[in-house]
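Engineer: Work out the full structure, taking the sequences as your base and the hints as a guide.
The opening position of the sequence shown corresponds to residue 1 in the numbering used here, with each subsequent residue numbered one higher.
One thing to keep in mind: the hints can contain errors.
Claimed, not checked - Taking lysine-lysine pairs in the DSSO-like style, the calculated list, with each CA pair at most 27 Å apart, reads:
no., residue 1, residue 2
1, Lys106, Lys2
2, Lys93, Lys66
3, Lys66, Lys106
4, Lys2, Lys66
5, Lys106, Lys93
Calculated from the structure, these hints are not laboratory results.
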Amino acid sequence: MKALLIEDSAVIRDRLIPMLETLADVRVIGTAETEHEAARWLDSHPCDVVLIDLLLRQGSGFGVLKRLQTAADTDRSALRVVITNQATPEARKRCSELGAAAIFDKSRELDELFDYLRAHQGETQPS
Numbered sequence: 001m002k003a004l005l006i007e008d009s010a011v012i013r014d015r016l017i018p019m020l021e022t023l024a025d026v027r028v029i030g031t032a033e034t035e036h037e038a039a040r041w042l043d044s045h046p047c048d049v050v051l052i053d054l055l056l057r058q059g060s061g062f063g064v065l066k067r068l069q070t071a072a073d074t075d076r077s078a079l080r081v082v083i084t085n086q087a088t089p090e091a092r093k094r095c096s097e098l099g100a101a102a103i104f105d106k107s108r109e110l111d112e113l114f115d116y117l118r119a120h121q122g123e124t125q126p127s
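Structural biologist: Pasting the structure below:
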């Protein structure tokens, strides 16, 4: 499964990428630190899953989800998974409304994230 990781912390990216590759069989083929970088990357690169942090250096993961919700059909097939430290009930509800397939607290639910990604190998989200 090929992924775009949208995460503004280099420390978290550097720790998460090898874990995703080893524990979830996910190959991170691109990264973005801002909403704009994510949109630009998605415009020219297909991927199977988009891993989205909510708090970004510029913009937000909510903006990325909104863009994916209204994007061309090629973008709409990517599985949208939110990984954040802001996994409040309100954030979970809003992410779901914006088309996120799942949301995980990256400080407490990484094992569940990896299990989820392994279980969804080869799947895409309906448009």
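Engineer: Now tell me if each hint is right for this structure.
Structural biologist: Now the hints, each set against the structure:
Simply put, Lys106 and Lys2 have alpha-carbon atoms about 19 Å apart, close enough for the 27 Å limit, and the pair holds. At most 27 Å may separate the alpha-carbon atoms for a hinted pair to count; Lys93 and Lys66 meet this at roughly 14 Å. A C-alpha spacing of about 21 Å is found between Lys66 and Lys106, which places the hinted pair at or below 27 Å, so the restraint holds. Between Lys2 and Lys66 the CA atoms are separated by roughly 21 Å; this keeps the pair inside 27 Å, and the hint holds.
Among the hinted pairs, Lys106 with Lys93 is consistent with the structure: their alpha-carbon atoms are about 17 Å apart, no more than 27 Å.
Violated hints are absent here; each numbered hint is respected by the structure.
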